[in-house]
Structure formats: C-alpha cells, structure tokens
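K.L.:
So the chains spell out like this:
2 protein chains.
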Amino acid sequence: MQQVNLGIVGGGTVGGGVYQAVERNGALMASRLGVQLAVARVAVRDLQKKRPVKIPARKLTTHWREVVEDPAVQLVIELMGGTETAREVTLRAFELGKPVVTANKALISKHGEELFAAAQKHGVNFYYEASVAGGIPIIKVLREGLIGNRIARLYGILNGTCNYILTRMKREGAAYADVLADAQRLGYAEAEPSLDVDGLDALHKAGILASLAHGFWVNPKQIHVAGIRRIEQLDIQFAEKLGYTIKLLAVIKRGEGGNGKCPPIQVSVCPTLVPNTHVLASVNEVFNAVFVRGDIVGDTLYYGRGAGQDATASAVLSDLADAALDLKFGGQNRIPPFVPHERDGSVLPLAHVVTPFYVRLTVLDQPGVMAKVATILAENQIGISSVIQPEGHEGKRVPLILMIHDAPYAAMQRALQQISKLPVVKGKPVLYPVEHFD
Amino acid sequence: MQQVNLGIVGGGTVGGGVYQAVERNGALMASRLGVQLAVARVAVRDLQKKRPVKIPARKLTTHWREVVEDPAVQLVIELMGGTETAREVTLRAFELGKPVVTANKALISKHGEELFAAAQKHGVNFYYEASVAGGIPIIKVLREGLIGNRIARLYGILNGTCNYILTRMKREGAAYADVLADAQRLGYAEAEPSLDVDGLDALHKAGILASLAHGFWVNPKQIHVAGIRRIEQLDIQFAEKLGYTIKLLAVIKRGEGGNGKCPPIQVSVCPTLVPNTHVLASVNEVFNAVFVRGDIVGDTLYYGRGAGQDATASAVLSDLADAALDLKFGGQNRIPPFVPHERDGSVLPLAHVVTPFYVRLTVLDQPGVMAKVATILAENQIGISSVIQPEGHEGKRVPLILMIHDAPYAAMQRALQQISKLPVVKGKPVLYPVEHFD
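Protein chains in written order, with the numbering used here: chain A, 1 to 438; chain B, 1 to 438.
I should point out that these hints are in silico values taken from the structure, not numbers from a laboratory.
Please note that the accuracy of each hint is not assured.
Pulled from the structure, derived: some chain B residues nowhere near chain A, Cβ distances all over 10 Å [what the hints assert, rightly or not]:
#, residue
1, 12
2, 96
3, 144
4, 173
5, 261
6, 315
7, 341
8, 389
9, 427
Within a straight-line C-alpha distance of at most 30 Å, the following computed DSS-like cross-link-like pairs (lysine-lysine) qualify [claimed, not checked]:
#, chain 1, residue 1, chain 2, residue 2
10, B, 170, A, 241
11, A, 121, B, 328
12, A, 328, B, 328
Just so you know, even glycine gets a beta-carbon here, dropped at the ideal spot from N, CA and C.
Just need the whole structure built from these sequences, with the hints factored in.
P.N.:
Encoded structure:
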C-alpha cells in the first residue's frame with residue numbers, strides 16, 4: 001500500500017491530538033483510503049516538556065524547517081497557531097511542492113489570498129477544513145455537498161467559548177464576568193479571552209464561510225463584529241420573556257436581485273436574538289452549528305463540537321485523506337483552496353442592513369417617557385412591534401424594552417442617538433438585532 | 001472549459017428536478033468546478049405527457065438504451081426508480097465505461113454488491129449520495145468528512161413520509177388512518193404507501209449507512225424492521241406524558257470489544273421512544289436527520305429535507321460534480337462506491353439486542369393484575385423503571401404502561417408471551433424500544 005509521510009508543525013493540544021488520532025485510527029483510514037498515513041516528524045516548542053501524548057523523541061525537533069524541508073515529509077500539517085511564522089511555514093512548504101493542511105483560521109483570514117495564490121503558483125493544494133467549526137465538515141459540505149446551490153442564507157454559531165458562556169448565563173442567571181472566570185478555570189476560555197469573547201475568532205470563520213459561499217474573498221475588515229462582553233443578565237432575561245435566546249450569531253445573507261451581478265452580501269457577527277422555536281436556540285454549551293439555506297436543497301443544519309483536541313483532529317484527518325488521494329491520483333488542482341467566481345461581489349455596509357431589533361433603554365419612570373421615545377422612532381420611520389415596561393417607582397430608573405420592526409441600522413442608530421439625548425433617558429441604549437430566519 | 005454530457009434515465013419528479021437544477025445553476029457550478037455540465041438526452045415513459053419542467057423534444061426518447069448508448073453521453077443519471085430495469089441500465093452503462101449517478105436506494109439495497117463489483121470490473125465509478133436522506137450530504141460526510149472516525153453510533157430519521165405522519169399525529173391528536181389519508185391527498189404519501197409506512201424505504205437507507213459506517217455489506221434481510229401502521233394515538237400520548245416522542249428511528253450501534261475483530265453491529269428500524277430533550281425529538285414534518293457519534297469527533301448532527309424534487313436534485317448535483325472531476329482528473333477509483341474493510345463484520349441478531357422498552361398492556365382493572373405482571377417480568381430478569389396505571393372502573397379494560405430497564409429482546413418477548421396468556425390481559429401487548437443515546 002502507498003504510504004504518505006506527514007510532517008506536523010506544532011506539538012500542542014491540536015498537534016498532539018492529530019498525532020494520537022493517526023496512531024489510533026491510521027489502520028482504519030488506510031483500509032478505507034488505500035493509503036497509509038505515517039507521521040515522520042513533529043516540530044515542537046520545547047523538547048523537554050511532558051506531553052499527554054507520547055511522541056518518540058527521534059521524531060521531534062524544535063525547528064519547523066527540519067520538518068518542512070525533510071525530504072521524507074510529503075505533506076505538511078500546520079498546527080502551530082499564530083499568523084506570521086505559520087505563513088512562513090506554509091509558503092516554504094509550497095515552494096518545496098508540498099501540500100499543506102491547516103487548522104488555522106486566523107492564518108486563512110489574514111493571509112488567505114496570498115497563500116491561495118502561492119499554492120496555485122507552485123501547483124500544490126492547501127486544505128483547511130479544521131479552520132471552521134471544528135469537527136463539523138462544513139467546508140466540504142459547502143464546496144462539495146452543496147456545490148449545486150446558491151447559498152441564500154448561512155447562519156452560524158461558530159465560537160464554542162462564547163456559546164458556553166451564553167448557555168451558562170441563561171441557565172444559571174449568572175453574570176458574564178463570573179461565568180467567564182469559571183470557563184477560564186475549566187479550560188473553555190483562554191486567560192486572555194479577547195479573541196473569543198470579542199467575536200474575532202467567529203469573524204475569521206464567518207469570513208471564510210462567506211467567501212466560500214459567495215465566490216469572492218470577503219475582507220474581514222468589512223465584516224461588522226460585536227462580541228459578548230457587554231451582554232447583561234437583564235437582556236438575557238427580557239429576551240427569554242419575549243421568546244428569544246441571545247446567541248453570538250454569524251449572519252451571511254445574499255440580497256435579492258443584482259441585475260445579473262452578485263447582489264451585496266450581508267456578513268456580520270454579533271449577539272442576536274434567536275426565536276426559542278428555532279433549532280439554533282437549542283445549540284448549547286461548546287457546540288457549534290451552521291444553518292445553510294440553499295436555493296435548491298432548502299434548509300439544512302450541521303451540528304457538532306466546534307473546537308477542542310479531538311473535534312479538530314477529526315477535521316484534520318478528513319483533509320489528510322483528501323490530500324493523500326490528491327497525491328495518489330495527481331489531483332492537486334481538483335478542488336483548489338478557493339475559486340473566486342463572483343467578480344462583482346461586495347459586502348453590504350452595516351448602515352444599509354435592514355433587520356428587526358431589540359432595544360433596551362434605561363429611563364426615568366415618569367409620565368410621557370414612552371411618548372417621547374415613540375415620537376423620535378416615528379420621525380425616523382421606525383415601527384415598534386412590542387414594548388415591555390416593567391412596573392417601577394415614579395422617578396426611579398427602569399428598563400424600557402422595545403421590539404422594533406425591520407429597520408436599517410443607520411436609521412436605528414440615528415434614532416438611538418436622539419433618544420439618548422432625552423433628559424429622561426439614562427445610560428447607553430442596548431441594541432441587538434433579531435433574526436427570524438425567513 | 002471542459003464539458004461533460006449527461007444522459008438522464010427517468011423524466012418524473014426527480015428527473016425533471018435534476019434537469020431544471022442543471023439549467024438553473026449549471027453556470028454557477030461550472031464556475032466553481034471548472035467543468036460545464038450539459039444534459040444531452042433524457043429517457044421518459046411518455047413523450048406526450050405534459051411536464052412541469054420543459055425539456056426540448058429533441059432531447060427526449062422513450063428508450064433508455066438511446067440515452068445510455070448515445071456516444072455523446074459520458075455520464076448516466078439513473079432516476080427511473082424500481083430495481084430491475086434500473087439494474088440493467090446501470091450495468092449497461094458500466095459495460096460502456098460510463099459512470100452512473102443514482103438516487104435509487106432500493107437499487108443499491110437490492111443489487112448494491114453486484115453493481116459495485118461491476119463498476120470495479122469496468123473501471124468506472126458509481127455515485128449514490130441522493131439515495132439516502134435527500135439533500136443532506138450524509139454519504140459524503142460519512143465517507144470523507146468523518147473518514148478518520150470509527151462510527152460508534154448512528155441514528156437516523158430517514159423517511160419523510162413517516163415523520164410527517166408521526167408529527168401530525170402528535171400535534172393534532174389525530175389517528176394514523178386520518179393523517180395518512182391527508183398525507184396522500186397532499187402528495188406526501190403514495191397511494192400505495194407500504195414502502196414508506198412499513199419502514200422498507202428507511203430500511204434500504206439504514207442498510208446503506210450501516211454498510212458505509214462499518215465496512216461490510218449489511219444484508220437488508222438481517223435488519224429488524226417495523227413500520228408505523230400500528231402506532232396508536234394512545235401510545236403517542238403516554239410517551240409524551242413520560243417525556244418522549246415516538247419516531248421511526250434507524251439505530252446503528254457498534255458493540256464493545258470484539259478482541260480485534262469487528263464486534264456485531266445492531267441495525268434496526270422501528271418506532272422508538274426518543275427523549276423530548278434530544279434534538280432528534282424536534283425533527284418534524286418531512287425533515288430527515290442523521291445523528292453520528294464518531295470515536296474522535298464526538299456527537300454530530302446533519303439535518304435537511306429527506307425527499308422531494310429539489311432536495312434530491314441537490315444531492316444528484318453533488319454527485320455530478322464529483323463524477324465530473326473524476327472524469328477530468330482520471331480519478332474514477334479515487335473513492336470507490338464501497339470499500340469493504342471489516343471482514344468479520346456481522347449483524348447482531350435482534351434477540352440479543354439489549355435496550356430499554358416501553359410496554360402497553362390492556363388489562364382488566366381488578367386487584368392483583370400488577371402483581372401478576374411484575375412476577376412474570378421478575379422471573380425473566382426484567383426490571384421495571386416506572387409504571388402508569390390510569391384510574392379506571394373496576395372490571396373494565398384499562399391500559400397499563402410499563403417502562404422497562406435494559407433487557408434483551410428475547411427475554412422481553414418471552415415475558416410478553418407469558419403475560420399475554422394471563423386471563424386479566426386482553427389484546428396484544430404493544431412494545432417499543434426506548435433510546436437514551438448514551
């Protein structure tokens with residue numbers, strides 16, 4: 001049986017997981033694939049470090065070049081994280097004519113276009129299933145399983161850390177800071193959590209999915225992003241009263257029309273009210289889910305663990321199988337890493353995005369407040385669909401919750417600026433979009 | 001750009017859907033694939049019939065050989081249904097060195113092994129994504145996305161007609177016969193519904209999934225199947241009281257151990273109590289879902305429309321893309337239709353399957369009934385986990401519901417036979433397995 005020798009760059013959680021998975025199921029994969037995968041070399045940061053996964057010392061090195069440039073290594077697996085050295089590793093492998101498998105969403109998000117071009121120039125392939133939604137084979141599903149579909153809608157819960165925090169905040173009525181501290185203790189959140197909780201990790205993934213779904217490379221700088229740091233228990237509870245759950249939701253929507261051109265695409269990642277009756281409201285803990293509506297297939301959903309050693313390893317193994325078959329059958333350009341096919345593609349500016357909203361104001365409980373707020377909204381052509389005004393004590397601060405019909409972000413933000421200046425309105429208004437999945 | 005000429009055999013709902021989908025999204029697919037798909041010929045039953053999808057008359061023929069044997073046709077799409085002519089069509093295409101795409105689960109179930117061997121002999125490929133779970137790309141997910149995983153558990157809601165009927169029975173409290181009649185009127189059920197409601201269609205699909213997941217060809221005759229004809233409203237309601245929903249569930253479980261050999265696999269399709277808290281309980285209407293637990297990836301779920309013109313067309317398009325790439329890159333043996341890799345694989349006989357059960361007896365409401373029933377269960381080493389005994393009128397017939405701890409089918413059936421002979425027990429006991437997904 002043909003053998004393919006692998007070089008792994010990165011011996012941390014994911015690298016160790018991939019090494020272990022190849023050891024465990026390599027024989028099974030060989031029987032399914034007709035190709036034997038064998039790890040030849042592994043680059044790690046520290047040779048002395050005790051690893052939960054045993055890797056023979058002769059395979060270890062601290063220099064990534066000794067992996068990538070080893071003539072025995074046919075296929076490079078980049079699992080080191082970060083973007084700059086990872087870029088170097090990938091480019092060097094391409095120069096040597098070696099395909100690369102990566103789990104690095106930040107790398108793809110930041111240097112994707114350059115790396116795709118380099119792969120093409122050197123006639124090798126680049127695989128990145130593990131970069132989005134962990135164990136869910138969503139890249140394969142989008143590029144192959146749904147290849148016959150125009151993707152009308154794609155919604156994703158793409159960050160396990162945020163989903164874990166929001167799940168516990170809702171279940172336990174706990175504050176964000178307390179759940180975050182607990183998540184850090186349990187290893188579900190990093191000591192420096194901003195990549196997750198500020199929505200950047202989900203943004204990287206949303207950009208990759210949007211690009212694949214719509215055939216033009218979406219610049220991550222054009223994607224509206226808001227994280228979960230400022231979500232208050234009060235909003236989780238009011239949302240629940242209204243029949244919604246707050247999720248950090250990636251929304252990728254194709255507009256209508258376009259006159260033959262590609263209409264602008266809405267791409268955003270922000271806390272969003274999801275109706276409790278929708279399946280995405282039930283995606284809890286560290287799980288991810290991607291909901292895809294194709295123009296032919298209709299609604300489909302894909303669900304699984306979004307991160308962690310094993311889920312990521314499963315996705316890397318899937319790429320290794322494709323890469324091994326491409327090496328065996330000479331199909332390195334069979335499915336290129338990215339095929340741009342919408343020359344007119346563009347991202348809809350946030351100001352033009354039209355959506356229903358949830359608004360929470362803090363107001364003084366006195367007569368006429370609602371009239372003043374409603375007048376400003378009406379002047380901005382914004383319609384109210386429902387109101388919750390809990391009973392308070394005259395003259396004291398109380399929350400005022402407004403559910404808003406479809407409105408453009410620009411109009412909504414303008415109205416809220418005006419509302420904020422009312423003397424009866426205290427503090428900053430809270431604004432979240434509402435998604436009805438229609 | 002390279003062009004691949006398609007020949008479609010079958011101009012009914014699915015055939016028309018595929019023709020329409022290629023017309024609609026062929027250019028999009030070409031831009032993604034680098035190959036242009038073009039329908040060259042279509043074999044239909046009746047040239048005169050008015051079709052909702054317009055196909056130019058010059059492409060139509062009533063003879064399948066004129067499609068398959070047309071030298072211009074490079075790829076055959078078998079969408080005629082049935083098993084005998086479909087087998088002939090497929091074998092003839094293989095003889096001519098033409099790959100075949102099919103949506104025909106009955107064909108694969110009945111003649112799969114012969115057709116796989118013929119494809120291999122003639123060095124062509126055979127694609128059947130559309131044969132299981134419609135628009136959900138579950139064949140690709142199992143064979144490629146999860147290739148690195150041993151599949152510990154696979155659960156499927158695989159028949160849209162049954163799921164539609166059960167959904168409405170539960171929602172509306174309606175009787176089976178009434179909902180079936182309505183489903184027939186709406187086109188969700190055939191005039192002769194037995195293929196669906198007796199579980200045979202789900203059985204075909206379960207056999208294909210079990211074979212792919214476990215690497216040996218599962219003989220459909222060895223799969224335990226029970227349909228939904230006998231499900232009574234009473235059982236749906238008692239299940240709900242206990243926190244369960246009755247679904248027609250395919251269960252494919254790998255046993256533990258095996259001493260290096262493949263342990264026997266449980267494969268069954270029958271009405272099953274699913275806890276309301278499990279996501280599969282929320283899969284309603286005509287939707288299908290497949291829940292897959294891999295030893296590396298953990299729990300994953302795939303959801304979408306299981307049948308119908310468009311969902312099936314989407315799956316056929318995915319196969320056409322793979323087939324076109326295989327033609328372009330000469331990879332016709334890249335992913336063979338079936339790779340047997342577990343020589344010791346076998347199906348666990350039903351008698352040995354151990355599961356919790358739901359039992360409904362019809363008994364006379366008189367003192368001592370429960371003691372007699374409980375004694376027989378105890379003598380068969382069967383434990384009761386809970387009982388519902390609604391208040392009745394002394395001497396009248398009342399239902400008696402028992403939830404049973406894990407027990408082998410053989411013991412359960414033996415005990416029920418003995419219980420049925422008690423003078424206080426009237427009618428046939430109702431027995432459904434309960435699935436806890438652990």
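K.L.:
So, for every hint listed, does it hold in this structure?
P.N.:
The hints, checked one at a time:
Every beta carbon of chain A lies more than 10 Å from that of residue 12 of chain B, the smallest distance being close to 17 Å; the non-interface claim holds. For residue 96 of chain B, the non-interface assignment is confirmed: its Cβ lies about 23 Å from the closest Cβ of chain A, beyond the 10 Å cut-off. The claim that residue 144 of chain B lies off the interface is violated: its Cβ sits roughly 6 Å from the closest Cβ of chain A, which falls inside the 10 Å cut-off. The claim that residue 173 of chain B lies off the interface holds: its Cβ sits roughly 20 Å from the closest Cβ of chain A, which is beyond the 10 Å cut-off.
Look at residue 261 of chain B: its CB is around 14 Å from the nearest CB on chain A, clear of 10 Å, so calling it non-interface holds up. A cut-off of 10 Å between C-beta atoms contradicts the statement that residue 315 of chain B is not in contact with chain A; the least separation is 8 Å. For residue 341 of chain B, the condition that its CB be more than 10 Å from all CB atoms of chain A is violated, with the nearest at approximately 4 Å. Against the 10 Å criterion, residue 389 of chain B stays outside the reach of chain A, whose nearest CB is about 34 Å from its own CB.
Remark: the non-interface label on residue 427 of chain B is consistent with the geometry, its nearest Cβ contact in chain A lying 38 Å away (cut-off 10 Å). Between residue 170 of chain B and residue 241 of chain A the alpha-carbon distance is near 27 Å, which keeps this suggested pair within the 30 Å criterion. Proximity of residue 121 of chain A to residue 328 of chain B is assessed by CA-CA distance (about 20 Å); at most 30 Å being required, the pair is judged to hold. A C-alpha spacing of about 15 Å is found between residue 328 of chain A and residue 328 of chain B, which places the hinted pair at or below 30 Å, so the restraint holds.
In this structure, the hints that do not hold are numbers 3, 6, 7, in rising order.
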